[in-house]
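J.: This is what each chain is made of:
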Amino acid sequence: MARRVTARRMVVSTVAAWFFGFLIFFPILWMVLTSFKTELEAFATPPSFLFFEWTTENYATVQDRSDYFHHAMNSIIIAGGSTLIAALIAVPAAWSMAFASTKRTKDILLWMLSTKMMPAVGVLVPIYLLYKNLGLLDTRSGLVAILCLGNLPIVVWMLFTYFKEIPRDILEAARMDGATIQRELVYVLLPMAIPGIASTLLLNLILAWNEAFWTLNLSTSKAAPLTVFIASYSSPEGLFWAKLSAASTMAIAPILVLGWFSQRQLVRGLTFGAVK
Amino acid sequence: MGRITLQGVHKSFGALDIIKDANLDIEDGAFVVFVGPSGCGKTTLLRLIAGLEDVTGGQILIDGQNVVNVPPAKRGLSMVFQSYALYPHMSVRGNIAFGLKMAGLPRPEINRKVEAAAATLNLTPYLDRKPRELSGGQRQRVAIGRAIVREPKAFLFDEPLSNLDAALRVQMRMEVTKLQKQLATTAVYVTHDQVEAMTMADRIVVLNAGRVEQYGSPLELYERPANLFVAGFIGSPKMNFVAGAPASQHGANTIGIRPEHLRIAGEGGGWPGTVSVAEHLGSDTFLYVDAAELGLLTVRGIGEIHLKGGDRVWLSPDPARLHRFDRDGAAIRT
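Protein chains in written order, with the numbering used here: chain D, 1 to 276; chain B, 1001 to 1334.
Looking at chain D on its own, in the form it has when it is part of the complex (with noise of 0.2 Å):
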């Protein structure tokens, strides 16, 4: 038996989620009212809401001082190139684990996994000295690489969940009629698996656009993605909260506007196979 919503319980359920959605929000708008405050007004007590004197300055001086379309376009290649490599490993593999499993395919799925749950800074100086040693160190190359190779057993996990829900029968039909594997992948699985790629995709877009850990230790300046422009800021000639908070608000605006679009798929790649 359906459970029976009253108005009641439907008003209290609509405010407390109105409440902890802006809870969650409340940092981000704060960020962004903060970069348009002048730094005395950042620093205010009581601080102000809406009712300051509004200005753009902050987005000139951090555009002057730092590139940030320099460091925009290191987020994009970075992000973009490891995306887009891991792509190219992750579905032939996902396709293998899928439809040409064995007995240890699992175990090999969980121990890709489990190199996700050992701290990144267990491995940073080794990781360090081989960058320096093979000259990868604040290279763009050198990050697309970390990052790819850090979010692939992610992808695989994710792109192996979404393969497992295409029937069999349907990659055998295609066999009978005539298909070799490669047409097979090309004409019938990959468009029917289109929108479990494209939201893990754009996960790992995300993961590589925010990581910082790696970026900030394997780059300086002339590699350094977005991350770094924000670091940056916090100086040891002291913190700049209103220039920090423009920084940041134009280093997340583009992934921001992305997942905005994109939420769809998000919330289908984050939610797939939980419900059946």
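Worth flagging that the hints you see were computed from the coordinates, not collected in a lab.
Treat the hints with care, as some may be off.
Simulated crosslink set (DSBU-like; lysine-lysine; CA at most 30 Å straight-line) [claimed, not checked]:
1) B:K1101 to B:K1020
2) D:K164 to B:K1130
3) B:K1020 to D:K103
4) D:K116 to D:K164
5) B:K1074 to D:K164
6) B:K1074 to D:K103
Starting from the known structure of chain D, arrange chain B on it as the hints suggest.
T.: Just chain B now, kept in the frame of chain D:
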């Protein structure tokens, strides 16, 4: 041409033997049905012929050529799956045309063939729809269209009607049979439904636990079952089996009497029993008679029998239609 020959085909998954030494000769143009209880290996045998599973041992010949190492795509067979297995992202036209596209046929020829197949199956108005916009019966037709358009050496059907409702199943059963005769293409059809098997097949293969129990025409299987398993599996309601003294009288270990061959005799004539349940179907009456040490016997009589539960009856088997089986369950032929 589409002659399929199985020679000593064997299939095991690990230590488990699924198919044990299957030998069959399926003639060109024949409609052969694999029937058996679930888990008997009938679908596995079909998938071995299709090439979707590899044989563990033995040979599969299609028109005299051993195909065990030939991939499914190159065997020249088409298959209709239980789940239809239509490509959900393609239109009906795309689904039917897929095999021809893979074969690299020129577009005008593909269109001509697809339209001809669609016309045969009354699918012309639906050519531009997606599978999800079709009913179960229409989806089934698309799956069949996809199979016939390639003009294969043989059709393989894996329980294709089991997802349809009863009325549609009867209709599709006739359509599939008619189409197969019209195309004169060999068909191998898997089902667990013996009515489908009896009505559609030229010849039936009865499988049990991975073994071919009997291979013959529907009436041959009904009239001369090779062993106890086939005798019990073919025919509905099931054949009655009686062991002990009545069987010894006929020089057998077990005798089998079909429900339609048990007559209700006058008082004192034959085996006494009490009607336990009487089912009046209008055209037929099924009586379940408790015949003491002989066990529960099923009788199929005409609709006008007015017996009910608790009535005393005497049953006599038709001696000419008695089936005799030896100690190993094999039929004794005279």
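J.: What are the numbers of the hints the structure violates, in ascending order?
T.: Hint 1 contradicted; others consistent.
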